[in-house]
Amino acid sequence: MDTTIVKSNFKSEEYFINMGPQHPATHGVLRLLLTIDGEIIKKVEPDLGYIHRSIEKMCERDSYQQIVHLTDRMDYLSSHINNEAVCLTVENALQLEMPDRVKVIRTILSELTRIASHCLWWGVMGMDVGALTTYFYGFRDREMINDIFEETCGARLTMNYNIPGGLMFDVHPNFVKRTKDFIAHFKTKLPEYDTLLTGNVIFQKRTKGVGILTKEDAISFGASGPVGRASGYSCDVRKHHPYSAYDRVTFNEAIKTEGDTFARYQVRIQEMWESISIIEQLIDNIPDGDVQVATNAVIKLPKGEYYQKVETARGELGVYIISTGTKNPYRVKFRSPGFSNLSLLNHIAVGGKIGDLVASMATLDLVIPDIDR
Amino acid sequence: MTNEALQNLISSWIPDLEFAEEESQFLNIIVAPENLHQLMTELKINSKTSFDYLFCLSGVDWQPELGVVYHLESTAHRHIVVVKVKTSDRENPVFDSVCDIWKTAEFHEREVFDFFGIKFNNHPNLKRLFLTEEWEGFPLRKDYEDDINMVIK
Amino acid sequence: MIITLSITKTIQDWLIGMMPEGVASILAMVIVALIYLAIFAVAGLYLVLLERKVAAWFQLRIGPNRVGYWGLLQTMADALKLVSKELTGTIKADKFLYNLAPYFVIISSLMALAVFPFTKEFQAFDINIGIFFLIAISSIGVIGILLGGWSSNNKFALIGAMRSGVQTISYELSVGLSLLTMVLLTGSLQLSEIVEVQKEGWLILQGHVPAIIAFMIYMIAGTAETNRAPFDMVEAESELGAGFHTEYSGMKFAYFFLAEFINMFIIAAIATTVFFGGWLSPFGITESLPWLGIFWFLGKTLVIVFLMMWFRWTFPRLRIDQLLTLEWKYLLPINLVNIVIMAIIVWLNLTIKF
Amino acid sequence: MGYFSDIYKGIKTLLTGMSVTGKYFLTSRKGAITQQYPDNRDTLKMFERFRGEVVMPHDENNEHQCTGCQKCELACPNGSIEIIWDRGLDETTGKKKKKIDKHIYHLGLCTMCGLCIEACPTDAIVWAQNYENSTYDRTQLTKVLNRPGSKVKAGIED
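Residue numbers (this note's numbering), protein chains in the order written: chain E, 14 to 386; chain U, 19 to 171; chain B, 650 to 1003; chain G, 72 to 229.
The set of hints was computed from the structure by calculation and includes no laboratory data. By construction, the Cβ of each residue, glycine as well, lies at the ideal position given by its N, Cα and C atoms. Worth double-checking, as some hints may not be accurate.
Computed spacing ranges between beta-carbons, pair by pair [stated by the list, open to error]:
hint, chain 1, residue 1, chain 2, residue 2, range
1, E, Glu26, U, Ser106, 24 to 32 Å
2, U, Ser106, E, His254, 47 to 55 Å
3, G, Gln211, E, Phe29, 44 to 52 Å
4, G, Ile82, B, Val672, 50 to 58 Å
5, B, Gly717, E, His198, 34 to 42 Å
6, B, Leu729, G, Thr193, 36 to 44 Å
7, B, Phe774, G, Ile82, 31 to 39 Å
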């Protein structure tokens, strides 16, 4: 029998599925238009804008101090790092040199933010592949970091602790002790993450060889953060364009070359260890000094264009400010990591199954407000 | 490569490029819309520049011109360059798409189209990304007005 | 006072005194069915509560603790809420099949309960093909799931239903074969006989190595049969929202939900009966008190139920193709070899008996 | 033999995973990480820097420290603060002086960014640590921070 005839007799039909805007795996109001043949994914088309708040337009009417708190609402899981990005841009434009104390505290808080974000991601990652219990273990450890933030900054999620010119106020007296307690606690809990999920044979089968992204594609798609690094692409802004106190600490850039979902998972786990090590290097010798540099009540940036990259938990956040010399920026653009990472979802999900799409999407670690700025 | 060396190299490819270094920490290249795609292709494939990482693509309304700013980085050489392209046609601004050079441009250009109304030739899927299809106007333009939803301070 | 435990016979004898024999036996069946229905509806609710409590303890939570002492009335309140909820449905659903589906699921799972010997002679229906009956009945439930998913005119539900069909047909084999392995030891399909045989030692000890393998396969396949994590492809909330019951609400949803837990109980009860000696106490310590058999039976069953809950709250979900790989490449071949080994052991009389 | 070692390794990893959850199951008596809200309202204490809502402390003489300089109003990104002020005679100096009539705070617009409190030169407004801010009526979210009949404390200048 001619095989081609057999093939043409068996016709499969593609159909559409709306995944989202309310769907457990999209972690927010992301809508994916899936074209599916049976269980095989043929095309993924994201539909965005369900929570677009036009932060870039709002920035154009706000003063530079007021911009900072808007960035809390972008990637709410790395809000401290977002704040830092804007503050660094403004400080660089004004050519303000921050005191060492500010730099070190900002770095420690950034790394705590990163751990908190990865803890949440780990819990949700487990949940997406079906292990519901991980969610609570991840949240347990994240709560401790949130307490640190709440005690020092006054808020758990949208802290707005950075201001252009330093920090809003000094850290709480308990800050060092609490952070050390957390590090001691987390060092015992992080190996548990591995025994519970990483080693699990079902989990490895679900993630290994799924959603492969090559290095060339990663660069071309503008992938950054753990997504890029899992494809063997060294893209850590902390290494290549160090800011704050990252030039005075030693840490390894977590790089894997497989580029699959499991590699992205391992990179994030590895990053948590690196963050612990960075905090340990800094926590014992926070320099004394002021936490603010005097700035004018009305900040006016000199005419020009300013760009600052930072490494958030999700990847490279760019802040692009065009100033015309007035008290408001002329144009603010946030280059958000999630937006670029989302654009490669179609590329890595096509040909996989629905379960693969969910697993790959979990390791892209999308935060929808970050995409829908 | 230093900014100066880059400037010398790039200016040898295409005439009439405008370079600027003041008011920005990077080397700025201002290119005419008709030369944009040629310049971008060369920046990517030339082994001396090899700008393979388009890390930011922003639309800007300079009033009266509309333009797009490309931030490029080379992952091999770690140098950065900024390419700007402008047009004074506010009714029908069109540039060439660069999404055949950098895949990430596909989404970024859709975002620029959505908010600035700048069209891109040869873009595979140029339609509104964030806003609904029936939305009128382009919100990030400076002359956009919405009396109901916009709060002016 | 002598309480006889053979309930069907007792009720029938009592009724025969009042009415003709035919009417009496039908009435007896109805009465027994109602008793079972009432008991297991409540038992199902408490299994839900147990699941929620156990999940909470695994997850460093407290679990339901507001309704009643220690949250004991929580699921009752939930059931009340579900009863009072509006029954919604999609406009273009196939109304007849859509409404029929939950009854298929709940009836098939309640039917299976009839054959279990909870203790000596405490059995509604001592059929001589007990195991066969159980396997047959448990595969009817999947028709309900297929109908529900297909008729609700929702693509997520349809995918869930199709997955369920694939999954149940595959794992039905393993459940059947692993039980067949044990039947080689007992030589009977009748559940009361099977328990009787185990007075010489529980079958998992009698059959030693192949019995343990059969038990492991049975547990895996049984978990898959009930569509519970890590085999909950049918619901897979992170992929399909709620899977086949996406469009069901109120009491119809509750039937699906209750059936899942009763099925879990059934799977555990079969394991207890076939592998762990049913209502027999360990070393016959309470042999003189037959009614204590209920305690032993429920105790063993709950331990196995707990094991299934432990699986659920620990493991990630498999992907649909991996699910089939596990069945066809691992469980089925091992199972077939295992039957041969068991046959040889029985033939050479290598079983362990006390 | 890869077939059987796969099975062995697979089962081993599954059992190690179960040991982790099993350990937490056994130690669950030690207490949950969740809180029994709202039962623990009496004991639930927020950190002293917690940003609940903006309040204006008054002393026993019904005096606050707000001079009506409007710096908070300017600093606020969302327009949550409106100050209605007037010029009145200062009793001690007899000069005309700015004083607040109403310090209106729209809690519904507030994003708890803390810029107003940073901007205040006289520490007239501070954070309160209450955390139950939901109401059934939106109008209740608009609050007047200065109490009726209150006046600015003597000697407070901006």
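Next on the checklist: Flag every earlier hint the structure violates by its number, smallest first.
Outcome noted: 1, 2, 6
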